[in-house]
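At position 47 of the sequence shown (counting the first as 1) the number is 47 in the working numbering, and the numbers step up by one without a gap.
These are calculated hints, taken from the structure and not from any lab test.
Below, a list of computed lysine-lysine pairs in the DSBU-like style, where the Cα atoms sit at most 30 Å apart:
no.	residue 1	residue 2
1	LYS2	LYS37
2	LYS2	LYS84
3	LYS34	LYS2
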Amino acid sequence: QKNRFNEEYDEEKVDGRGDAKDNDAENEYLEALKRQKEEKIKRNEEEFGQEGERVRQRHEGFRQGLYCRIQIDGVPAAFLDNYKPELPLVIGGLT
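Build the full structure now, drawing on both the sequences and the hints.
Below you can see the structure in the form of structure tokens.
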């Protein structure tokens with residue numbers, strides 16, 4: 001279903017059936033997001049200086065989507081028997 005939706009959406013843009021207003025609005029929105037991201041990067045660089053990511057993690061903690069390696073002691077054998085390395089193991093909490 002998703003592939004069919006993507007194909008139809010892309011065809012509308014190529015065929016010109018898509019509304020020009022929609023395309024302009026989409027482009028403006030994407031440009032605004034890009035500007036916001038660049039402003040945030042600039043503010044972070046000013047705030048955290050040359051030390052960058054290390055200082056940021058110390059103050060904010062690990063951000064969403066950041067990968068880390070952890071070691072867990074005392075893992076039950078049942079976990080290891082049922083563990084599937086091709087699936088991610090998500091560990092975390094809500095803040």
